[in-house]
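Engineer: Sequence:
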Amino acid sequence: MPTYSLWMLDKADVTVSGGGSLDGVTQGTGAQLDGLTITLNAPNWHETRVYDDDRFFDDNDGNQRLSGTQTINGVSYSGGTSVEAEYTVVLRDPATGQTYTAIAYNVVNSSPGFGTIEGLSFVGGPLDWPPVGVALDVISTSEGPGNRDTAYSDYVIPCFAPCVRILTDRGEVRVEDLRTGDGIVTMDAGVQPLSLLAQTRLTAEELHAAPHLAPIRIRKGAFGESLPNRDTKISPQHRFLMRSAKAALLFGDEEVLVPANAFLGRRGIETPKIRDVTYFHLLLADHHVIYANGAATESLLVGEALLQRGPEGLQRELCALFPELANPATVQRSPEGIAGMMAARSCLRRWEAQLLVA
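For the sequence shown, the tail end lands on 358 under UniProt numbering, and the numbers increase by one without skipping.
Bear in mind the hints are in silico, worked out from the structure with no lab data behind them. Don't take each hint at face value.
[To be verified] Calculated pairs, SDA-like style, for lysine to any residue (alpha carbon to alpha carbon, straight line, at most 25 Å): (1) 273 / 53; (2) 220 / 230; (3) 273 / 295.
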């Protein structure tokens, strides 16, 4: 069965007000949290690996099992241990009004199995996760995530495919071999530490249902000047830096960021036939121009769909991975991303970019 990635925060790093607990006292509805607050005490997010016969993290699904021995909330569990999405809790930051969706992560090892919650998984990308040290209001709870409601791909956003080499302070490193804290070489700010490396896997079934999420392959040298320096697979909306006088004339900036799918049709740039793909994204403290296989590209800009400059195709890609962004009420149209993250360069829509690359 396919293996999926789930990021979570252990229960030991979570405080519930009034002496409350994430653990359920009924059939895992989360109702014991109503009217309370939840505070995340430390940013100790960690990855768990789950194999499943479908792509949804569900409640009461005996086919969801840990892939190999893993430590969760300080306890080591053997591979094959069942896990569930026991209940959903929606949190709100009282200072900003921002809401966050969390899934209660249950390792089915107690009697009854729903009696313990080992931590919380958050739906969305890393900067869509709640802030640390803030008492967040519980505004709703419900049992499970709903049948086939929360796909594993909803928990992270794609970026680079495997084997893409990222320029670091120790040379080019395959993206899958990077670790938090590694020094990433940026165009404008020297070496910056990697805040988080996350990933998601899309199966053949998912890619067939959503072909716009399939990776784009950029052949070695397709950008000219031997760039990229090797074949590169990238997600469709991931952007590369273009520099031209025409960009300055059309958009007021000589340097702009152009989505990969705008290059389709050019020699050496295509959508390959693949069965599945694992995407990686690199989060730095700010949005930066970085180097992938020698080509200037971008780190993750969380809040991409919030940018006035380019929400059209990007929203389609993000909404497939973050269904909550399909609600217009949650999409703030601002030149800033979440947490004030500014775009490193102007970000073009696909049709705008095609004026440059035609």
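Engineer: For each hint, tell me whether it holds in the structure or not.
Structural biologist: For each hint, the structure was consulted:
| no. | hint | result |
| --- | --- | --- |
| 1 | 273 / 53 | holds (23 Å) |
| 2 | 220 / 230 | holds (4 Å) |
| 3 | 273 / 295 | holds (23 Å) |
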